[in-house]
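Engineer: This note's numbering numbers the first residue of the sequence shown as 574 and each following residue consecutively.
Please keep in mind that the hints were generated in silico from the structure rather than gathered at the bench.
Please read all numbers here as calculations on a predicted model, not as lab measurements.
Heads up, some of the hints might be wrong.
Said to hold, decoys possible - List time: in silico BS3-like cross-link candidates among lysine-lysine, alpha-carbon distance up to 27 Å:
id, residue 1, residue 2
1, K972, K950
2, K875, K694
3, K756, K880
Stated by the list, open to error - Derived DEER-like restraints, expressed as beta-carbon distance ranges:
id, residue 1, residue 2, range
4, S824, G738, 31 to 39 Å
5, A579, K705, 22 to 30 Å
6, K841, T632, 45 to 53 Å
7, A999, S827, 28 to 36 Å
Glycine is no exception: its CB is placed at the ideal position from the N, C-alpha and C atoms.
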Amino acid sequence: MGDTLAELRALMASHSPPLDALVVPSEDYHQSEYVSARDKRRQFVSGFTGSAGLALITTNEARLWTDGRYFLQATQELSDQWILMRMGEDPAVDIWIADNLSEDAAVGIDPWCISIDTAQKWENAFVRKGQKLVQTSTNLVDEVWKNRAPVETNPVIVHPMEFSGRSVADKLKDLREKLIQEKARGIIITALDEVAWLYNIRGSDVSYCPVVHAYAIVTSSSAFFYVDKRKVSSEVNLYFEENGIEVREYSAVSSDVTLLASNKLNSKKAETTGNGTTEAEENNYDLIWADPGSCCYALYIKLNSDKVLLQQSPLALAKALKYLAIIVFDDCRTVSSVNSSCLLFHSISASEPGYYEDGSFGIRLENVLIIKEADTKFNFGDKGYLSFEHITWAPYQTKLIDLSLLTPEELGWLNAYHTKCRDILAPYLDGSEKAWLKKATEPVSA
């Protein structure tokens, strides 16, 4: 680890301009929470294996920010060369940099690994002391990572209609209607789950997440899919052609965004057929839609800033189901604190009460819930109410529950829940599995 920090500091010193600090986030080029082995740069430089965190390397020290889930783990995994910064207790990284680094300090970032939102927030924080965000032309961590995992070449898989529920044509039609509503002529889609959802494809580039490392650009008349073409079989390529989607190399997204900015991005089909003008073109719409939370800064800077619609991707709301891994720590607010992170009808969230005892144990009870309309006796304000419905049914381990602490109502709820678990799961189990389920869901009492 010491050699890695020394090598990075040597690269920082030789960089033009020399870097006073280097930020190494957890995210990949798509701002993913969970990344592939070759994208675990923060883990490589720090030794910290938690899923969330950010490393800051200066000329004389190294700090790691992470959240409360990982305080104990970080203290166990970080060497004495690192200082743990506890999110929620210590200053955020941009505030710490502004307060502790010198005036005119140069802070290095790989613009592909930083979102638009984050980059702009940091730039605003650094203005006070004249500090600047410096984009490195290559990722410095990659230059010192000798045994980095190779690029994944796992195949792209078509997600059948019986599971997707909607055709690509329908989704593209809806998306283009959204573009017209916002007076935009194109959108850059970078979040891996959104690309997979829009084009009804799946992959295995990230462990436990059925996604492909890919980008999408959709305009009023064309649709593009940017991926390592080695992952696309002839059958899958035909699927894209049939859906009017042009497959291009993963690296081509950079130059194509530049073309998009100057209204020169055309599909091969449009070039050869001379398709008629679209409504967006007829109305001279010139905005390019980019989600500031998922689109990387490297693509944003290729656009004309006054012609960018910085707004949450419409696909974030169009998807009926988000991956559970993304919403486990959903920041839903209470009724008294309404903001954009609210519960939406037919959206899915998780109920996850937990308790963690440092150095001893941790418990989290979790169920996935769908938000539905509630049937209430009264309807105050005539606004309607929402309620939860379970869509996962796994028995609780009653040996871990102190039943004497439960009220009669809570005991009744637990027994009713276990009865439903048994009714729903039993038809799918064999004899020994059914016996286990029966024992696991037996009624309990105080």
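Engineer: Provide an ascending list of the numbers of those earlier hints which the structure does not satisfy.
Structural biologist: The structure breaks hints 1, 7; every other hint is satisfied.
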